[in-house]
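Protein chains: 2
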Amino acid sequence: MKTIVVSGLGLIGSSIARIMRQADQTVEIIGCDPDDGTAQFLLTKHIIDRRLSFSKAAPMADLIVLAGPVSVIVNQIRELSTMPLKDHVLITDVGSSKVEIMTAAKPLIANQIAFVGGHPMAGSHQSGGQAGRPDLFAGAIYFLVSGSQTNAQLIEFKRLMAPAKVRWLEIGASEHDKLVSEVSHVPHVVATTLVNTIAESLAHNPVGLKAAAGGFKDTTRIAASDPTMWTAIMLSNRDAITEEIDDFKDQLTQLQTAIRNGDEQTIFQTFTKAKKIRESLDN
Amino acid sequence: MKTIVVSGLGLIGSSIARIMRQADQTVEIIGCDPDDGTAQFLLTKHIIDRRLSFSKAAPMADLIVLAGPVSVIVNQIRELSTMPLKDHVLITDVGSSKVEIMTAAKPLIANQIAFVGGHPMAGSHQSGGQAGRPDLFAGAIYFLVSGSQTNAQLIEFKRLMAPAKVRWLEIGASEHDKLVSEVSHVPHVVATTLVNTIAESLAHNPVGLKAAAGGFKDTTRIAASDPTMWTAIMLSNRDAITEEIDDFKDQLTQLQTAIRNGDEQTIFQTFTKAKKIRESLDN
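Residue numbers (numbering that gives the first Met the number 0), protein chains in the order written: chain A, 0 to 282; chain B, 0 to 282.
Since the hints were made in silico from the structure, they are not lab data. Any given hint might turn out to be false.
[Unchecked claim] In silico DSSO-like pairs for lysine-lysine, Cα to Cα no more than 30 Å straight-line:
1. K248(B) to K272(B)
2. K272(B) to K248(A)
3. K177(A) to K248(B)
4. K216(B) to K248(A)
Computed from a prediction, not measured in an experiment: that's the story for all the values here.
Sequences and hints are given; from them, build the entire structure.
Following this line, the structure appears as structure tokens:
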């Protein structure tokens, strides 16, 4: 019987447990998480079979999925390089920035322990193990950053993830971090800033945030995501994010200048360009 | 029989025609729009009874709803002040910035022609008369800026709009313009900028925009809205929008600095604050 250890039973980790349970009824899934309520919920639902501490669970694993915040993943990778593990174990993670994680994994890789970086490009403004679901990643890209895994191990991992219906994509760690800063991290920063800017100036307005229509709600939805997880993401991808914010501010200032000057042509062209690109995302 | 003239049969205007048709089967609705296809569609669906030019239709009206782009509304208000109109006619508009429109309406008001400014705080990334629907504004705020209307005229207008199930809210023109710059116009600018910033840096990346997950799509959805309408909105509310963008940039730079410095506490507090506010919008 195959033993899978999922460490971190939040939205992502618990969804992966659900997916692997669907893929193969014979696997044993051990869950590790400091939160009693979540663990108990997942045990009751038979999504995990047992709950153990990470140090007890890891040596028993054929597959280890690190699904905590990035800072926890990095610490656990360091722990793993000094722990007695099964010879053929595959270790992977779901962290949303990969340079820091692949750097932390160097000792593992040097010791010929199989590691492959992973990152499913999905998520939700919800969080927690209760909110997980097997179709959370359906249609989304799942990045893989090659480390020391064998082909056979990767095929087995993909088999266990098959019910997720992701689109697998291999990518380099730096390229990954720039890309996700653009499509995920900076949008998060921007949505957060939009909410906070408005909160301040509406504090004394009785109409307040009630006037916010559907467009505003869509634009700021991700600002309701888990602050702990997103703080860890920001800290782990600082360089790419701060550079990308600079680019964003440059473009924003250009559009602001056009608005201030009443430059109809530039405003129209800017909106038209964005409309075309945004529409292409839905195809 | 009451005659209603709706000028501009796009998303908003055609939805208002649908709403008033539902409210009162006895009204005659005359539509004005340069687009043959839309007018024909609405005639076929019996949403409008006739299509006429604005200058022919306006003198026949008991109620005139100006539902074109803001620049067209302003021109039509000027035209109306020199046209022969029914004594008891009420003129209203749906423009999303009110200072410019209330200023344009001064000659009408001086001539004791009834005018009340209006703005339904809804909309959609869709556009066009085919996309209109009677529940487009359901639950949304409908701003009213008092001009020269009588109480009886306002009551009659609200009766005809009853099926829309809006929340009526009276507001001053300047206060309105600041408020909508915050909850609507600047979010539009920000979503547009986000799409365009990323488009540029992903131009040479084969993974490209395909990696964009649900969060990015939500955040940028409004960037797919009609560029003509939004250009007119930007031009009509320049001062409030450019000031609000300045505030937004200040806040963005503060968060960027915290990320650059790895200031975990500030990042966490910023995300936590936004999460609380954003969650309050859904209550």
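- Task: Decide if the proposed pair is consistent with the structure: K216(B) and K248(A), CA atoms, cutoff 30 Å inclusive.
- Result: Roughly 20 Å separates the two Cα atoms, so the pair holds.
- Message: Check whether the Cα positions of K272(B) and K248(A) lie no farther apart than 30 Å.
- Response: Distance ~22 Å between K272(B) and K248(A) Cα, so the pair holds.
- Agreement of K177(A) and K248(B) with the hint, judged by alpha carbon distance not exceeding 30 Å: Measuring from Cα to Cα gives roughly 22 Å; hence the hint holds.
- Is it true that the CA of K248(B) sits at most 30 Å from the CA of K272(B)? holds, 18 Å
Of the hints listed earlier, there is not a single one the structure fails to meet.
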